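> Residue numbers (our numbering), protein chains in the order written: chain A, 1 to 259; chain B, 1 to 395.
There may be inaccurate statements among the hints.
Calculated cross-link-like contacts (lysine-lysine; reagent style DSS-like; alpha-carbon spacing at most 27 angstroms) [stated by the list, open to error]:
(1) A:Lys-157 x B:Lys-320
(2) A:Lys-157 x B:Lys-341
(3) A:Lys-76 x A:Lys-11
(4) A:Lys-4 x A:Lys-142
(5) A:Lys-76 x A:Lys-157
(6) A:Lys-142 x A:Lys-157
(7) B:Lys-286 x A:Lys-142
(8) A:Lys-157 x A:Lys-11
(9) B:Lys-286 x B:Lys-341
Selected chain A positions facing chain B (Cβ under 10 angstroms, derived; list incomplete) [said to hold, decoys possible]:
(10) His-66
(11) Asn-98
(12) Ala-100
(13) Ala-111
(14) Thr-123
(15) Cys-166
(16) Cys-176
(17) Cys-185
(18) His-222
(19) Phe-224
No wet-lab data here; the hints were simulated from the structure. Remember, predicted model here, so these are calculated numbers, not experimental data. Don't be surprised by glycine CBs; every beta carbon is placed ideally from N, CA and C.
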Amino acid sequence: MTAKPKLAVFKFASCDGCQLTLLDCEDELLAVAEAVEIAYFLEARTQEIEGPYDIGLVEGSVTTDHDARRIREIRKQCHYLITIGACATSGGIQALRNWADLPEFVRHVYADPQVISALDTSTPIADHVIVDFELRGCPINKQQLLSVLLSLIGGHKPRLPSYSVCIPCKQRQTVCVAVTRGIPCLGPVTQAGCNAICPAYNRECFGCYGPQQQANVPSLTHQFLRAGADRGHLVRLTRNFNGYAPEFREASNLLEQHD
Amino acid sequence: MAPRHLPVGSFVRIDKHDLQSILDSLSQRGYRTIGPRLRDDAMVYDELTRVSDLPIGYIDEQDGGRYRVVSDPQQRWFGYVVGPHSLKNFVFPPHETLLRSHRDADGLWSTQTELPETRPVAVLGVRSCDLRALRVQDRVFLEGPYVDVHYQSRREPLFLVAVNCARAAATCFCHSMKTGPAVRGGHDLALTEFVDHFVIEVGSDTGGEVVTETNWTPCTIEEVQAANDVPQRLSSAMQLRDKTLPASSAGDVEVDHPNGRYLDIRGIRELLLDNLEHARWQAVGKRCLSCANCTMVCPTCFCSSVEEVASLTQDNVERKRSWASCFTAEHSYMNSGTVRKTTASRYRQWLTHKLATWHDQFGQSGCVGCGRCITWCPVGIDLTVEVAALRGDKS
Numbered sequence: 001m002t003a004k005p006k007l008a009v010f011k012f013a014s015c016d017g018c019q020l021t022l023l024d025c026e027d028e029l030l031a032v033a034e035a036v037e038i039a040y041f042l043e044a045r046t047q048e049i050e051g052p053y054d055i056g057l058v059e060g061s062v063t064t065d066h067d068a069r070r071i072r073e074i075r076k077q078c079h080y081l082i083t084i085g086a087c088a089t090s091g092g093i094q095a096l097r098n099w100a101d102l103p104e105f106v107r108h109v110y111a112d113p114q115v116i117s118a119l120d121t122s123t124p125i126a127d128h129v130i131v132d133f134e135l136r137g138c139p140i141n142k143q144q145l146l147s148v149l150l151s152l153i154g155g156h157k158p159r160l161p162s163y164s165v166c167i168p169c170k171q172r173q174t175v176c177v178a179v180t181r182g183i184p185c186l187g188p189v190t191q192a193g194c195n196a197i198c199p200a201y202n203r204e205c206f207g208c209y210g211p212q213q214q215a216n217v218p219s220l221t222h223q224f225l226r227a228g229a230d231r232g233h234l235v236r237l238t239r240n241f242n243g244y245a246p247e248f249r250e251a252s253n254l255l256e257q258h259d
Numbered sequence: 001m002a003p004r005h006l007p008v009g010s011f012v013r014i015d016k017h018d019l020q021s022i023l024d025s026l027s028q029r030g031y032r033t034i035g036p037r038l039r040d041d042a043m044v045y046d047e048l049t050r051v052s053d054l055p056i057g058y059i060d061e062q063d064g065g066r067y068r069v070v071s072d073p074q075q076r077w078f079g080y081v082v083g084p085h086s087l088k089n090f091v092f093p094p095h096e097t098l099l100r101s102h103r104d105a106d107g108l109w110s111t112q113t114e115l116p117e118t119r120p121v122a123v124l125g126v127r128s129c130d131l132r133a134l135r136v137q138d139r140v141f142l143e144g145p146y147v148d149v150h151y152q153s154r155r156e157p158l159f160l161v162a163v164n165c166a167r168a169a170a171t172c173f174c175h176s177m178k179t180g181p182a183v184r185g186g187h188d189l190a191l192t193e194f195v196d197h198f199v200i201e202v203g204s205d206t207g208g209e210v211v212t213e214t215n216w217t218p219c220t221i222e223e224v225q226a227a228n229d230v231p232q233r234l235s236s237a238m239q240l241r242d243k244t245l246p247a248s249s250a251g252d253v254e255v256d257h258p259n260g261r262y263l264d265i266r267g268i269r270e271l272l273l274d275n276l277e278h279a280r281w282q283a284v285g286k287r288c289l290s291c292a293n294c295t296m297v298c299p300t301c302f303c304s305s306v307e308e309v310a311s312l313t314q315d316n317v318e319r320k321r322s323w324a325s326c327f328t329a330e331h332s333y334m335n336s337g338t339v340r341k342t343t344a345s346r347y348r349q350w351l352t353h354k355l356a357t358w359h360d361q362f363g364q365s366g367c368v369g370c371g372r373c374i375t376w377c378p379v380g381i382d383l384t385v386e387v388a389a390l391r392g393d394k395s
């Protein structure tokens with residue numbers, strides 16, 4: 001990598017929240033700008049420096065033919081390509097269309113449906129090109145983003161947890177909402193990264209960081225069903241921001257099959 | 001000359017409301033006083049300066065993957081048993097900085113070991129199983145070839161007011177592990193609760209000093225006997241309930257023991273180590289979530305992960321230690337990859353270490369029968385059922 005790596009940020013189908021995390025670094029932003037050359041980041045600056053880039057951060061999922069062609073070009077331009085967020089990593093909330101009829105949606109939403117040219121599916125970046133590292137979350141965590149950038153600048157492999165949300169949840173001494181109140185919570189099957197924020201506010205985890213490394217979703221949903229949870233609720237819980245991630249997708253399909 | 005304070009081994013009686021003066025005395029001595037509090041639907045350890053803040057009149061109902069607080073018709077002060085927290089949280093906290101390094105303008109590094117704040121902690125309401133768990137951790141952190149100074153600095157000033165259990169949850173099996181319910185050592189004071197008074201056994205010189213300052217009266221022989229009888233009667237009840245258990249639950253994952261757990265520890269090391277390829281490991285691996293809750297709540301699990309965290313300028317580096325778990329891929333990651341790839345292999349590692357190879361490593365069991373791993377497992381995996389299944393197929 002060159003002395004001051006060139007960083008580019010690209011957007012696909014997404015809400016911009018993950019890119020915003022980079023701007024949200026605030027206190028660290030100047031240090032980031034010192035450490036890397038922000039070469040292409042349309043949300044932050046209009047100046048566009050041409051590739052190739054050392055680090056490419058990709059937000060959003062592939063939902064059009066144009067997206068599918070563009071990501072291949074971007075891959076050629078980036079030494080390291082890192083996806084940021086649930087959309088880029090698993091297709092995002094818009095991947096709910098993968099279980100539905102897109103023309104039907106379009107007909108209801110747009111006055112002139114013929115202007116819409118979209119694929120039937122929303123798919124993660126890794127379905128189209130090789131991804132070097134996936135940064136999870138909806139949105140991503142600022143500290144994790146900084147940690148990954150620091151690793152790449154320092155020339156070592158990023159080190160982020162692949163384990164469950166329950167580990168930070170117990171570390172911050174939150175009392176388990178599933179065990180004490182019988183609330184279906186995805187914490188045990190979801191990857192850490194948010195510091196278990198929802199259970200700390202008496203809410204269930206709804207899987208923003210996608211499946212943990214060893215996610216055993218059917219065992220967890222089976223337990224919730226036994227304890228009296230509504231099957232439809234569990235389908236909606238697993239089919240969420242990361243619903244199209246394989247482990248969540250298979251579990252929600254399984255729940256639906258037994259309906 | 002009469003001793004200036006009540007000697008170790010003496011039994012005294014205090015009125016229930018005088019427990020406040022023990023808390024006050026500890027505060028005056030500089031202790032941060034901790035005790036059971038009802039928070040977020042569970043009994044947790046938290047700051048406790050007034051005995052009226054104890055969960056008086058509440059008990060806990062526990063079972064696999066289930067914990068509920070209900071009211072106690074007997075209105076006891078200590079009718080509940082163990083919650084999700086244990087003494088581990090105070091002596092081996094979830095996160096701590098071990099050392100800090102700084103690079104100055106000339107590029108020279110300086111490094112300092114970071115010792116925790118020195119304010120000593122006093123914990124009220126500690127149960128026998130947790131005292132025994134502390135001894136297990138002492139063996140790990142203090143009695144090996146390397147003394148952990150971070151653990152030591154918290155452990156040595158720790159003041160412990162224990163409680164003899166008068167009630168067991170369905171997940172308790174201290175009687176099987178011979179770790180309870182009676183408090184036997186490791187405490188500064190041990191309380192036994194009665195309707196309108198506590199009997200206190202003095203367990204240390206500091207404990208004697210603290211009680212001497214309260215409004216105490218000497219116990220009659222009958223009162224001492226009554227205090228000893230409380231955990232003894234509970235122990236007998238726990239033993240009797242054993243007999244109602246099914247002999248084996250092999251192959252059946254729906255086993256439910258409303259009447260309490262039991263773990264047959266006879267020859268357990270060999271039982272586990274001779275059955276490393278038993279089909280039961282695969283069966284439990286299908287249910288296990290690899291979420292690590294069991295290891296987080298276990299009062300003896302001591303694994304940690306140490307990481308160097310640098311500032312963006314890379315001039316400041318902190319060495320941080322956090323609780324880790326053998327249920328993660330990271331735990332067995334080496335340069336060639338993750339050694340224990342399957343959940344079944346991780347569960348087997350945890351259980352065989354806890355109940356079998358812990359004996360080889362530390363000369364004792366790693367399990368104290370507190371039942372936390374059963375209660376706080378989101379899918380209610382029960383080690384007593386797993387061991388019974390392994391044993392059932394053998395016999």
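> Now tell me, hint by hint, if it's right for this structure.
Hint check results:
no.: 1; hint: A:Lys-157 x B:Lys-320; result: 18 angstroms, holds
no.: 2; hint: A:Lys-157 x B:Lys-341; result: 20 angstroms, holds
no.: 3; hint: A:Lys-76 x A:Lys-11; result: 16 angstroms, holds
no.: 4; hint: A:Lys-4 x A:Lys-142; result: 21 angstroms, holds
no.: 5; hint: A:Lys-76 x A:Lys-157; result: 21 angstroms, holds
no.: 6; hint: A:Lys-142 x A:Lys-157; result: 18 angstroms, holds
no.: 7; hint: B:Lys-286 x A:Lys-142; result: 35 angstroms, violated
no.: 8; hint: A:Lys-157 x A:Lys-11; result: 24 angstroms, holds
no.: 9; hint: B:Lys-286 x B:Lys-341; result: 14 angstroms, holds
no.: 10; hint: His-66; result: 36 angstroms, violated
no.: 11; hint: Asn-98; result: 26 angstroms, violated
no.: 12; hint: Ala-100; result: 30 angstroms, violated
no.: 13; hint: Ala-111; result: 47 angstroms, violated
no.: 14; hint: Thr-123; result: 26 angstroms, violated
no.: 15; hint: Cys-166; result: 4 angstroms, holds
no.: 16; hint: Cys-176; result: 6 angstroms, holds
no.: 17; hint: Cys-185; result: 8 angstroms, holds
no.: 18; hint: His-222; result: 8 angstroms, holds
no.: 19; hint: Phe-224; result: 9 angstroms, holds
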